Amino acid sequence: MEHTSSTHAVEGQQHPIKIYLWIWLLLFVFSAFSYLVDYLQLQGYLRWTLILTFMMLKAGFIVAIFMHLAWERLALKLVILVPPLCLLVLIALMAIEGDYTFLTRLAAFARS
Amino acid sequence: MSDHAMTAAQPAPSPGGLEGVAADWSADKQTFPVPWGKAMMWIFLLSDTFIFTCFLTSYMNVRISTTVPWPNPSEVFALTLFGTHVPLALIAIMTMVLITSSGTMAMAVNYGYRRHRANTTALMLITAALGATFVGMQAFEWAKLIIDEGVRPWGNPMGAPQFGSAFFMITGFHGLHVSAGVVYLIVVAMRVWTGFYDRKGTYETVEIAGLYWHFVDLVWVFIFAFFYLW
Chain P
0 MEHTSSTHAV EGQQHPIKIY LWIWLLLFVF SAFSYLVDYL QLQGYLRWTL ILTFMMLKAG
60 FIVAIFMHLA WERLALKLVI LVPPLCLLVL IALMAIEGDY TFLTRLAAFA RS
Chain Y
0 MSDHAMTAAQ PAPSPGGLEG VAADWSADKQ TFPVPWGKAM MWIFLLSDTF IFTCFLTSYM
60 NVRISTTVPW PNPSEVFALT LFGTHVPLAL IAIMTMVLIT SSGTMAMAVN YGYRRHRANT
120 TALMLITAAL GATFVGMQAF EWAKLIIDEG VRPWGNPMGA PQFGSAFFMI TGFHGLHVSA
180 GVVYLIVVAM RVWTGFYDRK GTYETVEIAG LYWHFVDLVW VFIFAFFYLW
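Chains P and Y supply the protein sequences, listed in that same order. Residue numbering for the first sequence follows numbering that gives the first Met the number 0, beginning at 0 and increasing consecutively. Residue numbering for the second sequence follows numbering that gives the first Met the number 0, beginning at 0 and increasing consecutively.
Calculated from the structure, these hints are not laboratory results. Here the structure is a predicted model, which is why all the values come from computation and not from measurement. No residue lacks a Cβ here, since even glycine has one placed at the ideal position from N, Cα and C. One or more hints might be untrue.
Unchecked claim - The calculated DSBU-like cross-link candidates involving lysine-lysine, where the alpha carbons are at most 30 Å apart (straight line), are: (1) Y:Lys143 x P:Lys76; (2) Y:Lys37 x P:Lys76; (3) Y:Lys199 x Y:Lys37; (4) Y:Lys28 x P:Lys17; (5) Y:Lys199 x P:Lys76; (6) P:Lys17 x P:Lys76; (7) Y:Lys28 x Y:Lys199; (8) P:Lys76 x Y:Lys28.
Unchecked claim - Here are a few chain Y residues that face chain P, going by a calculated C-beta distance under 7 Å: (9) Gly19; (10) Ser46; (11) Thr48; (12) Ile50; (13) Thr66; (14) Ala91; (15) Asn109.
Said to hold, decoys possible - Simulated DEER-style distance windows between Cβ atoms: (16) Y:Thr66 x P:Ile90: 58 to 64 Å; (17) Y:Gly19 x P:Phe108: 55 to 61 Å; (18) Y:Phe31 x P:Leu92: 17 to 23 Å; (19) Y:Ala26 x P:Ile90: 33 to 39 Å; (20) Y:Lys199 x P:Asp98: 53 to 59 Å; (21) P:Leu105 x Y:Ala138: 36 to 42 Å; (22) P:Tyr38 x Y:Ser13: 48 to 54 Å; (23) P:Leu92 x Y:Gly149: 33 to 39 Å; (24) P:Leu102 x Y:Trp35: 47 to 53 Å; (25) Y:Ala26 x P:Tyr44: 56 to 62 Å; (26) P:Gly59 x Y:Pro14: 42 to 48 Å.
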């Protein structure tokens with residue numbers, strides 16, 4: 000296996016420190032922004048859009064850069080990123096179920 | 000024939016994209032060109048993703064279905080600092096602490112691969128200290144909620160009773176992950192310091208510990224957005 004020591008595979012992920020510092024700074028900025036959403040008491044669709052945008056940006060940068068997924072081979076990326084898509088189905092089903100329970104409670108337990 | 004000999008001796012240049020996926024899975028070799036510990040850590044984190052999503056989804060479900068108003072997290076988690084009322088103050092600080100620890104961990108992995116023992120150990124211990132700080136602040140938050148605000152898993156004075164059970168379950172499980180991570184980081188840091196990985200010939204364990212730690216930070220991103228900001 001000595002011959003592979005010249006390639007990136009054996010000694011793992013080596014990237015300039017600078018890129019980590021930049022991502023670190025970005026994560027701070029995004030966290031500050033998402034905190035500001037609450038601090039300024041933004042409401043309605045604007046609030047949900049901003050919260051979800053900052054959340055996905057932070058999650059994306061952590062997974063891609065800090066966890067080095069951006070530099071992994073596609074086979075590994077797919078194994079990690081595709082199965083969680085099933086969870087979207089669970090979330091959709093439970094949201095529908097929650098609405099149904101809410102309406103049932105209103106219909107059955109509403110005090111007139 | 001010589002082609003086969005070549006590929007057996009030097010597996011490095013392989014196609015990228017979907018062609019690469021097919022090649023990785025069908026070729027007569029290990030599928031993922033990463034240390035097995037790293038591949039297994041990814042699989043574990045994948046299963047942990049499912050666990051945390053189940054918690055957050057059940058929280059979403061009870062919050063949608065309750066007919067009682069949900070307590071306003073912005074108010075519940077507010078602190079009075081130096082005489083001013085700051086909403087979500089403690090949570091904002093906890094978020095910053097965890098992000099900082101993720102940054103120091105990323106640098107620790109980097110110094111590990113450069114075989115810089117002193118820096119790697121120091122950065123990992125700083126990461127563990129920040130993690131312990133996070134858990135300490137969480138303990139303070141729980142104490143405040145239980146003792147001062149009267150929040151219980153079965154009810155609270157502010158609104159929907161499910162608030163307590165969702166809060167204790169989700170943040171408790173996350174806090175447990177952080178606590179386990181602190182122990183994990185200290186163990187690996189001690190091994191870096193004693194030169195264990197120099198003798199082993201690879202610092203991949205530092206990166207694997209880093210994967211776990213970044214995942215803990217990642218989960219907090221979602222808890223922060225869905226539980227505290229929503």
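Taking the hints in turn, this is what the structure says about them:
Distance restraint check for lysine 143 of chain Y and lysine 76 of chain P: the Cα-Cα separation of roughly 42 Å exceeds the 30 Å cut-off, and the hinted pair is therefore not satisfied. Between lysine 37 of chain Y and lysine 76 of chain P, the direct Cα distance comes to roughly 13 Å. Compliance with the 30 Å bound is thereby established for this hinted pair. Annotation: proposed proximity of lysine 199 of chain Y to lysine 37 of chain Y holds, straight-line Cα distance about 16 Å (limit 30 Å). Distance restraint check for lysine 28 of chain Y and lysine 17 of chain P: the Cα-Cα separation of roughly 35 Å exceeds the 30 Å cut-off, and the hinted pair is therefore not satisfied.
Using a Cα cut-off of 30 Å, the hinted pair lysine 199 of chain Y and lysine 76 of chain P holds, with the two alpha carbons roughly 28 Å apart. For the proposed pair lysine 17 of chain P and lysine 76 of chain P, the alpha carbon gap of about 24 Å is at most 30 Å, so the pair holds. A C-alpha spacing of about 24 Å is found between lysine 28 of chain Y and lysine 199 of chain Y, which places the hinted pair at or below 30 Å, so the restraint holds. A C-alpha spacing of about 18 Å is found between lysine 76 of chain P and lysine 28 of chain Y, which places the hinted pair at or below 30 Å, so the restraint holds.
With a least beta-carbon distance of about 6 Å to chain P, the hint placing glycine 19 of chain Y at the interface is held under the 7 Å criterion. Hint on serine 46 of chain Y is violated. Least Cβ distance to chain P is approximately 9 Å, over the 7 Å limit. Taking 7 Å as the C-beta contact cut-off toward chain P, the hint placing threonine 48 of chain Y at the interface holds, the least distance being around 6 Å. For isoleucine 50 of chain Y, the shortest C-beta to C-beta distance to chain P is roughly 11 Å, which exceeds 7 Å, and the interface hint is violated.
The interface hint given for threonine 66 of chain Y holds, since its Cβ lies 5 Å from the closest Cβ of chain P, which is under the 7 Å cut-off. Look at alanine 91 of chain Y: its Cβ gets to within about 5 Å of chain P, closer than 7 Å, so that hint holds up. The beta carbon of asparagine 109 of chain Y comes within 6 Å of a beta carbon in chain P, closer than 7 Å, and the hint placing it at the interface holds. At about 22 Å, the CB distance of threonine 66 of chain Y to isoleucine 90 of chain P disagrees with the hint of 58 to 64 Å.
Between glycine 19 of chain Y and phenylalanine 108 of chain P, the C-beta spacing of about 57 Å keeps the proposed range 55 to 61 Å intact. Distance hint for phenylalanine 31 of chain Y and leucine 92 of chain P: a CB-CB separation of about 32 Å, inconsistent with the stated range 17 to 23 Å. At roughly 36 Å, the beta carbons of alanine 26 of chain Y and isoleucine 90 of chain P sit within the given window of 33 to 39 Å. The hinted window of 53 to 59 Å between lysine 199 of chain Y and aspartate 98 of chain P holds, with their beta carbons roughly 54 Å apart.
With their beta carbons about 39 Å apart, leucine 105 of chain P and alanine 138 of chain Y fall inside the hinted range of 36 to 42 Å. For tyrosine 38 of chain P and serine 13 of chain Y, the Cβ-Cβ distance of about 50 Å falls inside the hinted range of 48 to 54 Å, so the restraint holds. As the Cβ distance of leucine 92 of chain P to glycine 149 of chain Y is approximately 34 Å, the hint placing it in 33 to 39 Å holds. Between leucine 102 of chain P and tryptophan 35 of chain Y the C-beta distance comes to about 50 Å, which sits within the given range of 47 to 53 Å.
Separation of alanine 26 of chain Y from tyrosine 44 of chain P is about 49 Å and departs from the stated range, judged on CB atoms against 56 to 62 Å. The supplied range of 42 to 48 Å is broken by glycine 59 of chain P and proline 14 of chain Y, whose beta-carbon atoms lie about 26 Å from each other.
In this structure, the hints that do not hold are numbers 1, 4, 10, 12, 16, 18, 25, 26, in rising order.
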